[in-house]
Amino acid sequence: MSCTVHIPSPLRSYTAGAHRVPADGATLEEVLASLEGRFTGIRFRIVDEQSHIRPHIRFYVNAREAQELCAPVGAGDAVHVICALTGG
Amino acid sequence: MALSANERARYRRHLSLPEIGPAGQQRLKNTRVLVVGTGGLGCPAALYLAAAGIGTLGLVDFDRVELSNLQRQVLFGTEDLGQLKVEVARERLLALNPDIEVLVHALTLRADNVCEVIEDYDIVLDGSDRLSTRYLINDACVLLGRPLVTAAIHRFEGQAMTYIPGLGPCYRCLFPQIEEGAVASCAEAGVLGVLPGVLGTLQANEAIKIAAGIGAPLVGRLLSYDALELRFTELPISRRDDCLVCGEHPDITAPRDIGPVCDSATLTARRLSAIGLRDLLASAGPPLVLIDVREPREFAAEHLQGARNIPLRELESRLAECAGHGDPVFLCRSGRRSLLACAIALRGGIAAPGHLEGGLLAWAAEVDADFEVASD
Chain A
1 MSCTVHIPSP LRSYTAGAHR VPADGATLEE VLASLEGRFT GIRFRIVDEQ
51 SHIRPHIRFY VNAREAQELC APVGAGDAVH VICALTGG
Chain B
1001 MALSANERAR YRRHLSLPEI GPAGQQRLKN TRVLVVGTGG LGCPAALYLA
1051 AAGIGTLGLV DFDRVELSNL QRQVLFGTED LGQLKVEVAR ERLLALNPDI
1101 EVLVHALTLR ADNVCEVIED YDIVLDGSDR LSTRYLINDA CVLLGRPLVT
1151 AAIHRFEGQA MTYIPGLGPC YRCLFPQIEE GAVASCAEAG VLGVLPGVLG
1201 TLQANEAIKI AAGIGAPLVG RLLSYDALEL RFTELPISRR DDCLVCGEHP
1251 DITAPRDIGP VCDSATLTAR RLSAIGLRDL LASAGPPLVL IDVREPREFA
1301 AEHLQGARNI PLRELESRLA ECAGHGDPVF LCRSGRRSLL ACAIALRGGI
1351 AAPGHLEGGL LAWAAEVDAD FEVASD
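Read top to bottom, the protein sequences are chains A and B.
Residue 88 is where the first sequence ends in the numbering used here, and the numbering goes up by one at each step.
Residue 1376 is where the second sequence ends in the numbering used here, and the numbering goes up by one at each step.
Looking at chain A on its own, in the form it has when it is part of the complex (with noise of 0.2 angstroms):
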């Protein structure tokens, strides 16, 4: 399932500046695989060692805050990925 993944500003520089890139998974978890599969090195960023969120990360689905990786993810559904940002 082919699912549309909202990419934050500090993370763009893994896909090559796109702010939207399509992802295949039925769960978060899945969703950061296909990510990973195709911009080596993001995953890291958003989750850490022990595949917890990391605590700067908020996940949304069809902006619906999703708090684990286990949450599902339907075909054409926009999966937004929020960074906190610390710039003033």
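In short, the hints are calculated from the structure, not lab data.
One or more hints might be untrue.
To be verified - Computed footprint of chain B on chain A, listed as stretches where at least three residues anywhere in the stretch have a Cβ under 8 angstroms from a Cβ of chain B:
1. 3–11
2. 21–33
3. 44–55
4. 58–72
5. 78–88
Keep in mind it's a predicted model, so treat the numbers as computed, not measured.
Ideal Cβ placement from N, Cα and C applies to all residues, glycine included.
Using the hints, position chain B against chain A.
Leaving out everything else, chain B in the frame of chain A:
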């Protein structure tokens, strides 16, 4: 004090709005707003708050005006280089509106002074540029019961949200813990000059609404703005029962200074000062494996002799190239990317990666003043 004839003339367009009118304008005059950071966000926010007739503005910043500020920090001019930002800002704001009061706090907010500063104000705007300061301000506003309008920017993206005591989530509900260094600052990553103008103006708008008691504040919602696509996205934020500061059983009952999070990399990575690295390079010990994780463009500008370039985004797939006759020492501009590189190396099985604390900026400052560190 009631509005003077001069003030009634100045604020005529506000007085014509039924939602504000004389009573609302009087409320703005009676309101005290603290703007933390007179940078990209704080400058436009303070300008509009002063123009709108917020009676007392407080400005917090310890920095002085630098040439690189002028691309976006619209309160300052070339003639102000080297001056304290808050002093220049005060002068500009009073020139715009002499009927208001502008108070300056040329200091760094810390756990031991943040409440003392904030408690004199009704509303706080956060335009700071450090995660640790954001948490400090959030915690103080929750503890003191002050509304907080926060915004942050990065390259072409901005975020904003508003906290109102008792009404919705705080910043810690959105991002519970700190991970300083995980997100680049504007100094490291760059920022479109007009971007903080948009976000800072939104912050001023929120503060004016709260002061006048009108509209629906940005509570329980994160507003994300993408300047390149000119797209606003709104996402819901829920209050967390387990929030460390506004939850059911808060762990934070007084502001506290927060250092960088102790993740595996910060605990295990070998941290080299610029002087320490210089001495190691000059010693007769085994050669260091210097890996520069900046972008090729930055590397091409100037790099340390013997260093290899593996951009951070490629490190995971090229980790085998780091293996040599010693453990790698990662280098970058400021020490942020090199610390992430250590975490990646540790995860990849390299036992003792090291990194240059403070990055090549520290090298240029402490070892080689002629070393030119490219912006990233």
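Looking back at the numbered hints, which does the structure fail to meet, lowest number first? 2
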